[in-house]
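Enquirer: Take a look at the letters that make up each chain.
Protein chains: 2
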Amino acid sequence: MPATSTRRQAVNLAHKFSLFSEQWSQKIIAEMNDYQFKLARLQGEFIWHTHADTDEAFIVVEGELRIEFRDGEVTLRTGEMYVVPKGREHKPVAEREVKLLLVEPRGTPNTGDQGGARTTPGDVWI
Amino acid sequence: MPATSTRRQAVNLAHKFSLFSEQWSQKIIAEMNDYQFKLARLQGEFIWHTHADTDEAFIVVEGELRIEFRDGEVTLRTGEMYVVPKGREHKPVAEREVKLLLVEPRGTPNTGDQGGARTTPGDVWI
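Chains as they are written, first to last, in our numbering: chain A, 1 to 126; chain B, 1 to 126.
Hint data in this document are derived by calculation from the structure and do not stem from the laboratory. All C-beta atoms in this analysis are idealised placements derived from N, C-alpha and C, irrespective of residue type, glycine included. Some clues are possibly wrong.
Computed footprint of chain A on chain B, listed as stretches where at least three residues anywhere in the stretch have a Cβ under 8 Å from a Cβ of chain A [what the hints assert, rightly or not]:
#	region
1	12-22
2	25-32
3	79-89
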């Protein structure tokens, strides 16, 4: 599928969210150079993981996300963002479903260096 | 000023917008690797310009933005985004004030290759 940057059409986040309901599955909605904008619905606890080579930007479109670190945590609500520095072990947690916009380099695996059962395909456009 | 990624605090977009009122002035709110998230208030017409080396992501936080191209245009409303491809000449236009979140590489000048009077400092954090 072509990158959004070749289309002459706005990408509507709410519309894109309406196209999928599964949780913990990242959907690409746009590319900027070698970075991607991805939507995700999260609920529950993810696994502890680290992205050794890249920062990772979280923007909460709707809901609340807690990002736990080994020595603390940060809570993001609708309209808030946070950038997890590369190499920082973290665990996303959402008590109720949260809608997220993620920005990170193309090919960044959702489970970072951990791999395993929670790893999902990172090349799905919506 | 330190990058947001070293702070353990959410960045609230509405709060950040409340800290400035000037238009056509980009304010950095977060960094991700060598990219920056910047807020801007736009109203009126900007100049035609091109970023030869990078795509540029526009996300409308509130309002409406028209991005004109030499052969067309795209209109973004609240909750919509668009990535202008590198090398594509464009002119942002807003009939009323629009609040934007921009994502692009650190050091990308607002006027691209044009320079001139509308160029503003690109290193201002808020």
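Enquirer: Can you name, in rising order, the numbers of the hints this structure does not satisfy?
Expert: none
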